[in-house]
Amino acid sequence: MSPRKAISLVSAALALAFAAPSAIAADTPNPMADAKAFQKFFTTKFPKLKLEDFVNGPYSMNEDLYKQWQEKEQFPPYEFALEAGKEMFATPFKNGKTYGDCFPNQGIGIRQNYPYFDDKEGKVITLELALNRCREANGEPPFSYVKDEMASLTAYMAFTSRGKPFDIKIPDDPRALQAYQKGKEYFYTRRGQLNFSCATCHVQEPGERIRAEVLAPALGIMNALPIYRSEWSGMGTTSRRLVTCNSQTRAVPINPQDEEYRDLEYYLSYMSNGLPISGPGARP
Amino acid sequence: MKTITRNLLSTAVLLLAGSTSALAASEADFKAAYAAAEAANKEAAGLRNQWTTTAATLAAAKKSADSGDFDQAVAQSREAEALAKASVFQATSEKERWKDLEIR
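Each protein sequence line maps, in turn, to chains X and D.
For the first sequence, the tail end lands on 284 under my numbering, and the numbers increase by one without skipping.
For the second sequence, the tail end lands on 1104 under my numbering, and the numbers increase by one without skipping.
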């Protein structure tokens, strides 16, 4: 073999050796790196905000709105739902058991751990899904995912976790990574006749107005749910929020708690790991 | 002159025939146009990416057909088909394009 040919072969082998890992790395989900980049994007875009302020959504975006939020918190509009949720949570089912019996720590102070990946079922379990499963396991009919009862229950559970940082885990399981990746894809995928993705509003334009509303940043957006929205004149669950987002872009929403929505919630909640639960929240 | 007259007559006949078909769509025309729109919308459903405007336009087309206005019904069906095809294109192209928006 001539020296020139040998050098060419070695060079080609080296080039392949370096190229291959980077090609694999680009396609392999890396949730930790994603979350770091995600949080850095928002803290760079809004350098005056502290990380924990992002959980206040549009109210963290300017001073006037922040004052409005402080005043609202004096007599929060979600208070009725919170009281109702507390009562529902403590009321036994017909079989004598309660919601607390379905959850770790009797359901108190655990909201920051939802959604989680269930390795037995191989899928993402959200708090709303877990609550309805609890009802069904105890012989009760499931609640609508978009109506007041579910909002009240999750409001109470969120309240018992207030201040606790989101602690979403992605286990070392290819199915969990796939669910995470699918959630990420959903978040960035444009849909509907308006050709909007979730990111169009909540990454590209937070703090800007869309008609009369100030758009919330995607960072911390899950921490405040469920929310009382003045626009709705009532409470809304995470499911309601996602369904509404879809229809606002003129996309036909999928069913609440379908796999895509659960994966999206998993991804977005993971992005906000470390930020405190602030739910239930109030929004314009 | 004879040739010119013949040509003029032929053109007039063709124009009349054309305008008649453009003016009066039949129920069969509507059914064909509606089926094409529905097929495209079904493809969008398979991709989990239907648009609310497609459903609304399909409903409007049906309403027009029910009231006997097949011209309008055909036009609306064709619009619904175009919307459905656009939603299919969106879903297909976004399989890769979503990465352009990703925070890295």
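Since the hints were made in silico from the structure, they are not lab data.
Careful, some of the hints might be misleading.
[To be verified] In silico EDC-like pairs for lysine to aspartate or glutamate, Cα to Cα no more than 20 angstroms straight-line:
#	chain 1	residue 1	chain 2	residue 2
1	D	LYS1095	X	GLU259
2	D	LYS1042	X	ASP258
3	X	LYS147	X	GLU52
[Said to hold, decoys possible] The calculated label-pair distances, taken between Cβ atoms and stated as ranges, are:
#	chain 1	residue 1	chain 2	residue 2	range
4	X	MET88	D	SER1026	31 to 37 angstroms
5	X	GLU213	D	ALA1082	45 to 51 angstroms
6	D	LYS1099	X	GLN68	51 to 57 angstroms
Here the structure is a predicted model, which is why all the values come from computation and not from measurement.
From the three backbone atoms N, C-alpha and C, an ideal C-beta is built for every residue, glycine too.
The hints, checked one at a time:
1. LYS1095/D to GLU259/X: At roughly 17 angstroms apart (the allowed maximum being 20 angstroms), GLU259/X and LYS1095/D satisfy the hint.
2. LYS1042/D to ASP258/X: 19 angstroms, holds
3. LYS147/X to GLU52/X: Outside the cut-off at roughly 29 angstroms; violated.
4. MET88/X to SER1026/D: 31 to 37 angstroms: About 59 angstroms separates the Cβ atoms of MET88/X and SER1026/D, which means 31 to 37 angstroms is violated.
5. GLU213/X to ALA1082/D: 45 to 51 angstroms: Violated, since GLU213/X and ALA1082/D (Cβ atoms, about 31 angstroms apart) do not stay within the stated range.
6. LYS1099/D to GLN68/X: 51 to 57 angstroms: 37 angstroms, violated
Consistency with the previously given hints fails for numbers 3, 4, 5 and 6, ordered from lowest to highest.
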